[in-house]
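Asks: Input sequences plus hints: build the corresponding full structure.
Protein chains: 2
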Amino acid sequence: MSIETAELANGLRIVTDRVDTVQSVSLGLWVDVGARHEAEAENGVSHFLEHMAFKGTPTRSAFQIAAEIEDIGGHLNAYTSRETTAYHATVLKEHVSVALDILADILCNSTFDEAELDRERNVILQEISQAADTPDDAIFDGFQTAAFPAQPLGRPILGTADIVSDLPRRTLTDYVGTHYGADRTILAAAGALDHDRIVDLAERFLGDLGRTGGEHPCPARYEGGDWREVRDLEQAHLAIGFEGLRFTDEDYYPLAVLSTALGGGMSSRLFQELRERRGLAYSVYTFSSSYLDGGLFGLYAGTGPDEIGELVAAAGAELARAAGEAMAGSEIARARTLIKAGALLSLESMAARAERLAMQMQIYGHTISIEDLTARIDAVESEDVRHVAERVFSSKPVVAALGPVAGLAEYDAVAAQLR
Amino acid sequence: MSIETAELANGLRIVTDRVDTVQSVSLGLWVDVGARHEAEAENGVSHFLEHMAFKGTPTRSAFQIAAEIEDIGGHLNAYTSRETTAYHATVLKEHVSVALDILADILCNSTFDEAELDRERNVILQEISQAADTPDDAIFDGFQTAAFPAQPLGRPILGTADIVSDLPRRTLTDYVGTHYGADRTILAAAGALDHDRIVDLAERFLGDLGRTGGEHPCPARYEGGDWREVRDLEQAHLAIGFEGLRFTDEDYYPLAVLSTALGGGMSSRLFQELRERRGLAYSVYTFSSSYLDGGLFGLYAGTGPDEIGELVAAAGAELARAAGEAMAGSEIARARTLIKAGALLSLESMAARAERLAMQMQIYGHTISIEDLTARIDAVESEDVRHVAERVFSSKPVVAALGPVAGLAEYDAVAAQLR
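These protein sequences, in sequence, are chains Z and G.
If you're matching positions, the first sequence starts at 1 in our numbering and goes up one per residue.
If you're matching positions, the second sequence starts at 1 in our numbering and goes up one per residue.
Derived from the structure by calculation, the hints contain no laboratory data.
Among the clues, some could well be false.
Intra- or inter-copy, both count: the list cannot distinguish identical chains.
Below, a list of computed lysine to aspartate or glutamate pairs in the EDC-like style, where the Cα atoms sit at most 16 angstroms apart [what the hints assert, rightly or not]: (1) 396 <-> 226; (2) 340 <-> 412; (3) 340 <-> 71; (4) 340 <-> 94.
Replies: Spelled out as C-alpha cells, the structure:
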C-alpha cells in the first residue's frame, strides 16, 4: 500500500502517496475554509487571503517567496473554492523540504503588510474585471446566485469590487484566527517521497499551528430560479441547472454516471444531439458540483441568439428521456469505463493524486482506493441512473443566460420544457 | 535509450518513447499543414478539416468514432496551429491498436459528407463566435495580423465567419489531396508501448497513405504595427510584441531564458514590476512563438482603462533594462533552472512526451534528448540574454489593444516607449 496517513498532536492530518517511478513531489495544504464560510459584508475574504499568502512573512518578502521556489525550479500556486482554500507546490524530489517550509510559512506567518494589501487589492480588482469580461466565467456567478440566493454558497468566490475595495486588514486577520487551524488543515503529498520524512517535516514546520475548532457554515438551501444579463456578445451563453447531491449521497455515483452519459464526452447524448446532429453549439457539457451538504447539477452551452429556443427544447427532451427510460446497458457501460479510465489516467499526475487524497480526507475522513472507486462505479445500473435523473430533474431549475438572450422565453416557459 | 524512430516505405516517420512505469499510451498523427498553408479565400480550411475528421469514414459514422474510443475509456482530440494539424488519443495500454486504427481511419478515409459538413459549419461558426467573445483569445488574432499583415501567417486559424459560411466541400478535398501526405506526417507515441508493434500497426493502418510532396508556405514576413478594437469591457487588454526567432535560430535558447526571466514565473521581472510592485494587472506574462522561418515574441497584460499608460511605460522600461544591462548570474540561473525543471516535469505526461517528439521530428528531423536540451540551456550566459533582448526589441513593435483603450497613446508614441 503506497498511501499512508498520520496526524500531528495539533490535529493536522497528513496523507501521502509514494510513487517511486517519478522524479517529482506534489504537495499542498488544504484548509477547510472557503467562500461559503464568509459573512455577506466580507465576501471575497477567503480568496483575498489566498492572494496575501504570497505577499510576505517575517522571514520572507513577496519576492523571496517567489524566488526561493523558482530557484529550485518549483511551482507554487493556490486556489479558493466554496469549501476549500489550497496552497500547493510541485518540486523535484530533492527539494521537498524547501517546498514544505515555504508552504507552512505562508500559511502560518503571513504578515498582511498594509502597503502590500492595498497593492494586492488592485490585483484582485483586475481579476474580478477579467472574470466579468469572460462570458463563460461570468455566467457561472449568476448561475450560482440563482441556485443558492441570499446565502454564502451563492456568492462569488472573488467577492465583489465594492467589498474588495474596502476590505480592512482586520477582517483578514480575524478570518485567519477563526478558520486557519491545524484541525482544519490537511497536508497531502504524492510522488517520490518518504512518508516518515514528510511527517517529520510537518512536525517541524506545522507542529506549532493552533486549533480553531470546527466551523459549520450556513447550510446549503437550494432554491433555483432565473438569472439573465443581456450583453452585446456574439454567443448566447446558457447554463441550466438543478439541485445536485452532496458528496455522501447514496446516489452520488449514479449521478456521476448520468453526468458522463449525458454530457461527459463526444459520444454523450447532449454532445451528439446539440452539436453533432443539430450543429447548435461548439461547447456543450454537463457538470456536477458537490458540497458537504448539497450540490448543483447542470449543463452549459453557447449558441447563436436565434437558436436558444431550439437548444432549450432539445436539451429538455434529452433530460426527460434520461429520467423516463433506462439507458441501454452498452451506454451505461461506456460511461462507467470513461469514469474508471479517467481515474486511472489521473493517477499519472502527482498533483491530481495529492488533490484527490486531500479532498477524500476532507469529505470522508479517510482515503478511497482506486479498487473501491471502481467497485462503486461498476455497481451503478441503468435503473439507478434513470432514478437519479428523475430525482434531480424534479427540482426547480436554474436558468442562467448571458449575451444576446432577449429572445429567450420567460422563466416559467423555459422551466416547463425541462421536466 | 527509450526513444526509437522508424520510417515506412511511403515516407511516414514514426517516433516512440517507451515508458514502462505507466499504464497508458498517448499517440497521435502530426501533419505538416496548418493555417499558414492556406490561400486567402480558403482561410480556415485546415481547421475545418480537423473538425471533419470526426464526422465519418466509410466504415465508421461520427457517432461510431466517438463511441468506439470512449468504449475503451479513451480520449480523442485534435488541434490546428499555423504550421501543424494534430490528431491524438490517450488510451490504456491494451487498447493502442484500436486507437491507432481510428486515428489512421479519420486521417486517411474521411468522407466529408455534405450534410455533416453543413452541420459542422455551424459548429465552427459557434467556435468563431466564442473566440470573438473571449477577450484574451480575440486580442491574439489582431496581434498576429498586425505582426504579419496580408499573408497567411497573419490570418486567424479558425478562419472568418464569411469564408467558413461558404467553404465548398471541394476546397476541403482538394486541400487534403495537396497536403495530407505520408511524407508530411509523423506518428508519435509515448507510454507503455512496444516500438516494433507500433511500427507494425502503422504499416497496417497507414502503409497505403500516399505522398503529396513538400509544400513550402509563403515565407514569414514580419512587419509589426498597430491593431485596436474599442469594446465595452472592464479590462483594457494589451499585447505588445516584436519579431521573434525561428526554431533553428542560434539565439533560440537565449530567447527562451529571456522570456522566462522577463515574464515566465512569479519571480520574473514583469510579474514583479507590473503586478507585485504596481498592482496594475492580474494576468501578465511573456510568450515566444517560433515558426520554421520566423517568430513572434511578446507580452500580454490586462489592466484598467486608466492604467494603460503606466503599464506601457513600466513594461517598456523593463524591456530597455533587459536589453541594456546583463542580468545577474543568479537571475539567469533561476530562469535556466525553471526551464530545465519544467522540461523534466513534463516528461511525466505521456501526451507532452509524444507532442514534444513529434515537434522535434517536424522541426529538426531528429529528436533532442533531455541531456542535450539541458546542455543548451546551461550554455546560455547573461550576455547572450542581453544580446538577444537588444536584437529582438530593436524590431518594429506590434501594439494590440482591446477593450476600453481609447486612452491609449498613438502607435508612434507607444512604440517610442518600447525601445
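Asks: Could you run down the list of hints and mark each one as holding or not?
Replies: Hint-by-hint comparison with the structure:
1. 396 <-> 226: Cα proximity of residue 396 and residue 226: one copy only (10 angstroms, versus 50 angstroms across).
2. 340 <-> 412: neither (38 angstroms within a copy, 57 angstroms between copies)
3. 340 <-> 71: between (38 angstroms within a copy, 11 angstroms between copies)
4. 340 <-> 94: Answer is between: at 15 angstroms across copies they meet the 16 angstroms cutoff, but 32 angstroms inside does not.
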